[in-house]
Amino acid sequence: MHVFLIRRLLAAVPVIVVVTVFVFALLHLAPGDPAAIIAGDLATAEDVAKIRAKLGLDQPLLIQFFTWIGQLLHGDLGNSIFSAHPVSELIAQRLEPTVTLTVMTLFISVLLAVPLGVIAAWRVGSWIDRSVMGFAVFGFSVPGFVIGYVLIWVFAIELDWLPVQGYTPLAKGFWPWLSNIILPSVTLALAYMALIARITRASMLETLSQDYIRTAHAKGLATRDVLMGHALRNAAVPIVTVIGIGVALLIGGVVVTESVFAIPGLGRLTVDAILRRDYPVIQGIILVFSGAYVVVNLVVDMLYTVLDPRIRY
Amino acid sequence: MTAATATAAVSVTPRARTGFAAFLRRHPTVAIGGALLVAIVLASLAAPWLATVDPISINPSQRLRSPSADHWFGTDRFGRDLYSRVIYGGRVSLVVGLSVAGLATLIGLAIGLVSGYLRAVDVVVMRVMDGMMAIPAIMLAIALIALSKASIFIVIVAVTLPEVPRVVRLVRSIVLTIREQPYIEAATAIGTSVPRIMLRHLLPNALPPLIVQATYICASAVLIEAALSFLGAGTPPEVPSWGNIMAEARPYFQLKPAMVLLPGVFLAVTVLAINLVGDGLRDMLDPRLARRM
Amino acid sequence: MSAAGPPQGANSSPSGGSAAAALANEAASVGAVNRAAGPPQGANSSPSGGSAAVTAASEGVVNRPVLAVSGLCTHFHTRDGVVKAVDGVSLTLERGETLGVVGESGCGKSVTALSVMRLVPSTAGRIVAGSIRFEDTELLALEPAAMRAIRGNRISMIFQEPMTSLNPVMTVGRQIAETVALHQHLPRRAAFDRAIEMLTLVKIPETRRRAGEYPHQLSGGMRQRVMIAIAMACTPTLLIADEPTTALDVTIQAQILDLMLEMKGRTGAAVMLITHDLGVIAETAQRVVVMYAGRKVEEAPVKALFARPRHPYTRGLMTSIPRLNRAPEESVRPIRLTEIPGVVPSLIDTPGGCTFAPRCTYASEQCRVEYPPEVEAAPGHFVACWNSDTLPEMVRA
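Residue numbers (my numbering), protein chains in the order written: chain A, 1 to 313; chain B, 314 to 606; chain C, 607 to 1003.
Just so you know, these hints were derived from the structure itself, not from any lab.
Just so you know, not all the hints are guaranteed correct.
[Stated by the list, open to error] Incomplete in silico selection of chain A near chain C, CB under 7 Å:
no.	residue
1	F66
2	T67
3	Q71
4	R233
[Said to hold, decoys possible] Here are the in silico distance ranges between beta carbons for each label pair:
no.	chain 1	residue 1	chain 2	residue 2	range
5	B	T490	C	P957	42 to 50 Å
6	B	Q494	C	P928	32 to 40 Å
7	A	P264	C	A755	56 to 64 Å
8	A	P115	B	A348	41 to 49 Å
[Said to hold, decoys possible] Residues of chain B clear of chain A, computed beta-carbon distances all greater than 10 Å:
no.	residue
9	L358
10	D443
11	S486
12	L520
13	V552
14	F566
Backbone N, C-alpha and C fix where the C-beta goes; we use that ideal spot for every residue, glycine too.
Make the full structure from the sequences, and use the hints.
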C-alpha cells in the first residue's frame, strides 16, 4: 500500500511540473515588457527599471524560474501588484467561501446524482430513465450563470424565500450560512450532477448485464441488495473517476457562480485579478486550484484499490 | 465429444428498420435538437435581415424599455434594441463554437496521431496533456486572454487550448488500439510508409468518435465563451455576444430580469441543441464503429 | 482411451466425461444409471431419504414429484417479432432424481430453467402460459417476496460460466455466507462458519485462506466448486445446473460432475441437468428430455433413450457422434458421419406442423401440417412424432 502511494505521488510530480512551468510562463508570455505592464501607463523609464529589478525580471529566465520555485516551496506566492498584500494572505482570506461552496456542491451532487443514475439504469427505458437522462442533458447544456439567475429570480425575488446574493461565514451560524449557500450550490451542482448521473447510469447498465448479477438474483436476494451490494460496488470505479475529473469542471464553475452570487471567494478574486492584470495573484490561484485537482485525483486513485481488489499497483 | 450442433440461427430477415428516417423516429430528441440547431444557424446567418434595428446604435432616450412593438425584447441600458443584439449574438457563439471545435480537433488529431505512434514523443506529450487538464479550462482561457488585447480571435485560441487534451487522449487511445492489430503489422511488413498507414488506416477509424467529440467540444466552447464574456474577459463589449449582453444587464436584474434571462434562454437552447445532435451522432456512429473495428 | 470395461473404470479415467466412452458401452449404461441414483443402496445418509424415494419411484409407486412443469410458454418480445423460446414444454422431476435436458444451442433449455426460477430477463421476456408446480406450490402465482425466499434456498441454480458468475469484488467466503445469512437468518459468524463448511464439502483445499480470497484468485474449476457451494449451502430440494461443465477443461469436467453427484447423494436433492453433451447425460442422468426449437420432442429413461431413440431428431444427434472404439476391421471402411441437414428454424415465424419437419428425412405430409401429439410409445418413453414407430433401424457410425 505504501509503495502504491509513493508511486502515485511520483506520477503526480510531472503534472505539477507542467503546471508550474505553464503558470510561470504566463507572465512572460505577455506581449511586451512585464515590468512595463505592471508599472502602468504613466510610469517613467526609471520606475519601470526599478520594478524590473525588484521583481528580479532582469535575471536570466531559468534563474527566475528556480527562484520562483524556491519561493513557492517556502509558501511565498509573491505579492499582489494591485494591493501589495502577499498573495498567500489574499488567498487565505477568500478560502472559506470557496471551500464550503465546493464541499456543499460535491455533497449535494453525489448524494442526488448517484441514486438517480442507479434508478435510471435499473428501470432502463422507462419514463424515470428518460426523465433522468433528459435532466442530465439539460444540466449539462444550460450555462451555470443562467441557472443561477433563474434560481435567484424564482426563489429570491419572486418567492422571497432566500437572500439574493452574498455569503455568510459558518461562524455566524449554520442556518444563515446555509440560506446563502444553497442557491449557489444547487446552481453549481446541476452540471456536475448531470455528468455523474450519466456515468452512473452507463456504468450500472454495463454492470447489470454481467453474469454475477444473475447469480445474485438466483440466490434470492432482494433487488435493493443486488443493486447496492453487488452492482454499485462493481460499477463504482468509472463513477469515482468521473467525480475526480469533474472537479475541474467544478472549479471552473466556481468562478462564474461566485460572480453571479457575489460570493467573496477565490473565484471572485480571480476575476478581479484578471481585470486588473494582477499576475502574481492569477499565478497563485491557478497553482492552488491545480494543486487541489491533483490531490483530489490522488484520493480517487487510492479509492480504486479499496473498491476493486483486482487493482493492485 | 459433443452432440452435433448447428448454430442456432434465430434470425429472420429484418424488415427495413434501418435508414436515417427510421433513426430519427426512434430518437425524437435528436430530431428536435437538429431542427433547433438548423433554425439557430439560419437565424444567425440571416441576422442582417432579421434584426429590426442596428444592434450597436445607441438611443439614450429609449433606455431600459420593456418589450414593445418597436423593440420586441425591449432595450438595454444604452437604449440599444435587445432583440437585434440577441440575434447578432448568436453569430459570435456559433463562430466561436465551430472554430474551436474545428481547431481543437485538427490540432488534437495531429498530436494524437504522432503521440500514439511514436513512443518517445508520447511520454512527453501525455505529461503535458495531463498538466493542461489539471488547470481548469476557464482559468486557462482567462489567463491567456488577460495577456493580450481582447478580440474574438484571442477568445477562440484561448478556448481551444484547454479542449485539445481531450482530443489528443481520444485519438491516442484509438491509435494505440489499432496499432496492435495484425493488419497494421502486415501493412508495415509490406513496406507501407507511416504517413500512409496513418491516413488509410488510423484516420478512418478515428473519424467517427472524433466527430462526436467535436460536437461536444462545440457545445463546451459556446458555454466557455459565454462565461468569459459574462465575466468581462471574453468578446469585446462592442460586439454583442449573449454572454456580454447578460453581463451588461446584471445591474438591472431585479428591475428587469428578462434582460438577463432572455439571452440566457437562447444560450441554453443552442447548447442543448448541439448536445442533442452530439448524442444522436454518437448513437448513429457507435454501432457502426463497433462493426467496423 | 479404453472404452471397454466396467463403467466404473471408464468413469474414473481422466477423460471420463467423454461421450464416446459412455455411448460405446450402452450395455454398461445400466451401471451408469445406478451410479447416478446416489450412493450405493446401503448408505442412506441423506436426510430426505433420497435414495429410498428413488427406489420407490422406480418401483412405480406414485410419489409426489418435486417439480411439475406443464404447458410452459415463455416468449420474448423483440423488435423483429415475438420469439417463442419455450413453446409448450411439460416435464416432471421426482424427488432425488437426475433429469437430463438435452438439445442444441437455442432450443430453449436454458430459458426453461430460467423460467422455473422466474429469472427470465423481464425487459423482453415473459412467461405467457403454463404452470410450474414445485412441491405443493404454484410458482407462477407467487408474490415476488415469496419467490425470493425459494430461490437459493429450496431451488438453486448454477450456471455455465464460472469465470464471470461470481462477484469480483466480494470474497468467496462472503458470497457463500450471504445466501446462508439471507435464508437461514444466521448471524455473521455462524454464516461464515457454514461457508467454510461448504468449502470443505466441495473439496477446496486450505478453506480458511480461500474463503478470504477473491474470485480472480481462483481457477475455473475452483470457481465452479464455489458456485456449487453457494447453491447447496441451504440444502435445496432442487438443483438446476445449466451447462455446468461446458466451460471447463475435460479433466475438471469429470471432477465437477462427480462433486455434483456426491452433493446430490448427500442431500437427496433432485437435479435438472441441462447440457448439450450426450456423454454427460449418459453418465449422470436417470431420465432424459430432448428439446428442439422450444419444445420437448422425446422423453425417456436414459437407458431406453440410448438403446432406441424414437424421434428423428434424437437419432440425428446420436448418429452424428463419431465412435472412437470401432473394431479394427470396421476402420478399414470409413463411414461418413451423418449430419442433420438444414439449420434450426427461426423461433419467430413458426410454421404449422412439426418444427423439425423441414429437416427430417422421414417427414410426411401430415408432419408438415399438424404438430404431433406426445404419445407414450413405451413405458415411461414419450415421443412427439407421427412416424416414430415406422422409423428404420438406426445405423451408427
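Hints versus structure:
The closest approach between the C-beta of F66 (chain A) and any C-beta of chain C is roughly 46 Å, which is over the 7 Å cut-off, so the hint fails. Checking T67 (chain A) against chain C: minimum C-beta separation of about 49 Å lies over 7 Å; hint violated. Nearest Cβ of chain C to the Cβ of Q71 (chain A): about 46 Å, over the 7 Å cut. The hint is violated. Taking 7 Å as the C-beta contact cut-off toward chain C, the hint placing R233 (chain A) at the interface holds, the least distance being around 5 Å.
Between T490 (chain B) and P957 (chain C), the C-beta spacing of about 45 Å keeps the proposed range 42 to 50 Å intact. A hinted range of 32 to 40 Å for the beta carbons of Q494 (chain B) and P928 (chain C) is consistent with their spacing of about 37 Å. In this structure the hint that P264 (chain A) and A755 (chain C) lie 56 to 64 Å apart at CB holds, the actual value being about 59 Å. Taken as a hint, the range 41 to 49 Å is violated for the pair P115 (chain A) and A348 (chain B), whose Cβ atoms sit roughly 34 Å apart.
No beta-carbon of chain A is positioned within 10 Å of the beta-carbon of L358 (chain B); the least distance is around 22 Å. Distance check on D443 (chain B): its Cβ comes as close as 5 Å (rounded) to a Cβ of chain A, failing to clear the 10 Å threshold; non-interface status is violated. Every CB of chain A lies more than 10 Å from the CB of S486 (chain B), the least distance being 15 Å, so the non-interface label holds. Chain A leaves L520 (chain B) outside its interface by the beta-carbon criterion, the shortest separation being 23 Å against a cut-off of 10 Å.
Distance check for V552 (chain B) against chain A: the nearest CB is about 18 Å away, which clears 10 Å, and the non-interface claim stands. The Cβ of F566 (chain B) sits about 7 Å from the closest Cβ of chain A, inside the 10 Å cut-off, so the non-interface label is violated.
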